[in-house]
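Put together the whole structure using the sequences plus the hints.
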Amino acid sequence: DAGVTQSPTHLIKTRGQQVTLRCSPISGHKSVSWYQQVLGQGPQFIFQYYEKEERGRGNFPDRFSARQFPNYSSELNVNALLLGDSALYLCASSSRDSHNQPQHFGDGTRLSIL
Amino acid sequence: RKEVEQDPGPFNVPEGATVAFNCTYSNSASQSFFWYRQDCRKEPKLLMSVYSSGNEDGRFTAQLNRASQYISLLIRDSKLSDSATYLCVVEQGSGGFKTIFGAGTRLFVKA
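These protein sequences, in sequence, are chains A and B.
Numbered by the working numbering, the letters in the first sequence go through residues 12 to 125 in order.
Numbered by the working numbering, the letters in the second sequence go through residues 15 to 125 in order.
Source of the hints: derived by calculation from the structure; they are not laboratory data.
The structure displayed is predicted, hence computed values, not measured ones.
You may find that some hints are simply not true.
[Stated by the list, open to error] Which chain A residues face chain B? A few, computed with CB under 8 Å, are given here: (1) S44; (2) P54; (3) G69; (4) P72; (5) F116; (6) D118; (7) G119.
Each residue gets a CB set at the ideal place from its N, CA and C atoms; glycine is no exception.
Here it is as structure tokens:
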């Protein structure tokens, strides 16, 4: 079975542009979470979606938005990109049919802002 | 104060050593706890869940102390392949989750 897949793997944008990152969860997983990881830090929680509804939100500005589709895939959108948005963006999925379910991560999208 | 704090690294240990990592969390309503491992330029991977009763998986032992809001990971008989960053993870909320990662502790195991 395929794991969590993310696209694209790498992306270069300039300040002020907009970007859309995509994630397909493990088959059967209904929960998708997004994280931002900068070098030397742990992943920072951005959003969690379950059954197409936002169920959790981290401390990120409104420039960050996301959605989940009926097939449980998800997109993360970032508007008005800043240099500080350069990071590895990770998507994780879990079954979330009970507490204490671990998350499975994709390889991430490495976003560079010039 | 950070919501999840870990021992500052890096830890440099010889093969065969026992090493312990500590982690504290600030929100007493936190519900689930995990240790993840992350290799350089790779995605985090689950190492083990952490339960109040403590749990062991081979050379790895995890402990949770809810009263002290403290999580630990013990690695016995360290291998070169254990070299990685170890991330403490805390989940908050029910019906919706907020997942908080610590900054990670870097471990180097040397021959």
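To see whether the hints hold, each was checked on the structure:
no.	hint	result
1	S44	holds (6 Å)
2	P54	holds (5 Å)
3	G69	holds (7 Å)
4	P72	violated (17 Å)
5	F116	holds (4 Å)
6	D118	holds (6 Å)
7	G119	holds (6 Å)
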